[in-house]
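Asks: Residues per chain, in single letters:
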Amino acid sequence: MNSNEILDREFLEIRAKILEVAAALDRIERAEGDVSGDPRMGLIADAINIIASEHSDPIRAEKIQLLFSRTYDEQWRNEFSIASRS
Amino acid sequence: MYYIDPHLHMVSRTTDDYETLAKMGCVAISEPAFWAGFDRGSGESFRDYFRQLTEVEPKRAAQYGIQHFTWLCINAKEAEDVELSREVLKIIPEFLDCPNVLGIGEIGLNKNTKNEAIIFQEHMELAIAHQQQVLIHTPHLEDKYQGTRMILDMLGEHSIDRSRVLVDHVEEHTVGPVLEAGYWAGMTLYPVTKCTPSRAVDIIERHGAERLCVNSAGDWGPSKPTAVPDLVLEMRRRGHKESLIKKVVYDNPRDFFSQSKNFNLENPAQR
Ligand SMILES: [Zn+2]
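Quick note, the sequences are listed as chains C and P, same order. Just so you know, our numbering puts 41 at position 41 of the first sequence, and the rest follows in order with no gaps. Here our numbering runs 86 ahead of the position in the second sequence, where the first position is 1.
One or more hints might be untrue.
What the hints assert, rightly or not - If you anchor each label on the Cβ, the simulated ranges turn out as follows:
1) C/Ser56 - P/Met87: 30 to 38 Å
2) P/Glu173 - C/Arg9: 48 to 56 Å
3) P/Arg357 - C/Met1: 29 to 37 Å
4) C/Pro39 - P/Asp337: 39 to 47 Å
5) P/Arg357 - C/Pro39: 49 to 57 Å
6) C/Trp76 - P/Glu180: 31 to 39 Å
7) C/Asn49 - P/Glu105: 44 to 52 Å
8) P/Ile177 - C/Glu13: 45 to 53 Å
9) C/Pro39 - P/Met87: 40 to 48 Å
10) C/Ala45 - P/Asp183: 52 to 60 Å
11) C/Ala45 - P/Glu173: 25 to 33 Å
12) P/Arg324 - C/Arg27: 32 to 40 Å
13) P/Met87 - C/Arg27: 47 to 55 Å
No lab work stands behind these hints, which were simulated from the structure alone. By construction, the Cβ of each residue, glycine as well, lies at the ideal position given by its N, Cα and C atoms.
Hey, can you work out the whole structure from these sequences and the hints?
Replies: Structure (structure tokens):
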């Protein structure tokens, strides 16, 4: 499939998914209370920025996965005081 | 198309599901030992579970012409209880010669804790001592990346043939490190928390189909045991060759499992 064919196939899907996100954010804002300081709102905003940004190497999905991931520390064994077996 | 689902928890599915799977072309499944949705009270209940996996399920599957294989372990969630885990580790060898056992699995991490890591390492030692293949569960959502990297760190400490180890539930951010290290990788098609068929096909297009399998990981939770045919359809809609589709859903799991002495797949085309 070329990019045009993929766009033809995905356009309505993408439109629907973006509307779902927009409506969910509206719902949050419409409701009582304030979540503006909730770190998850920051993550959502960062993820939307990743989607909107241009990439020479298209790895938006991978970047968003990493955004929503806990950090990995190579020295994790120290924290657990577990010795490497090798 | 004939296919193999390499990761499906049939103990929590109905017999009707076996019938549907058979109608969709499923000829074999492999069922890793898993969490039952509640913590079990003793090692003995694992002995019963292992009997269910090695005696009951193969018969239920056979009624629909499906071959049933299995993997044994205490899952990462219950591995938090080190004492219980060690009891179960002692029981496992009694079952390793059962004719449908492919190896040790699905071991792994759940919340990436110290106890989980300790029991993971003890399972690896058991697998190596008994020349068993290994199937590995990686954590979900925000814990996946960290847990997968920890698992790769621990695997690197063992002298095990990497082509006999499959790291499961990989997604966009974990598939690369797993394949680059020489292990097999599994993608799980699962609503909400894991991969969709479209994203799984994207991963195949980006990383190639070498050492990559796809499964439904159907279990007692919201899941779809017939998710593999969804991937087949998505690949066809994108114009992929039938030979590539067959490689992903049949040849690859067959080749990975064939390294286990108990894997005796009947070629469906020659039945
Ligand atoms: Zn599983």
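Asks: For every hint, state whether the structure bears it out.
Replies: Verification of the hints:
Taken as a hint, the range 30 to 38 Å holds for the pair C/Ser56 and P/Met87, whose Cβ atoms sit roughly 37 Å apart. For the pair P/Glu173 and C/Arg9, the beta carbons lie near 53 Å from each other, so the given range of 48 to 56 Å is met. At roughly 36 Å, the beta-carbon separation of P/Arg357 and C/Met1 lies within the given 29 to 37 Å, and the hint holds. About 44 Å separates the C-beta atoms of C/Pro39 and P/Asp337, a value consistent with the hinted range of 39 to 47 Å.
Range check, P/Arg357 to C/Pro39: Cβ separation about 56 Å, and the 49 to 57 Å hint holds. About 34 Å separates the C-beta atoms of C/Trp76 and P/Glu180, a value consistent with the hinted range of 31 to 39 Å. Distance hint check for C/Asn49 and P/Glu105: the Cβ-Cβ separation is about 48 Å, which falls inside the suggested range of 44 to 52 Å. Restraint check, P/Ile177 to C/Glu13: a C-beta distance of roughly 48 Å satisfies the suggested window 45 to 53 Å.
The hinted window of 40 to 48 Å between C/Pro39 and P/Met87 holds, with their beta carbons roughly 45 Å apart. The beta-carbon spacing between C/Ala45 and P/Asp183, approximately 56 Å, falls within the hinted interval of 52 to 60 Å. Range check, C/Ala45 to P/Glu173: Cβ separation about 48 Å, and the 25 to 33 Å hint is violated. The given range of 32 to 40 Å is respected by P/Arg324 and C/Arg27, whose C-beta atoms sit roughly 34 Å from each other.
At about 42 Å, the CB distance of P/Met87 to C/Arg27 disagrees with the hint of 47 to 55 Å.
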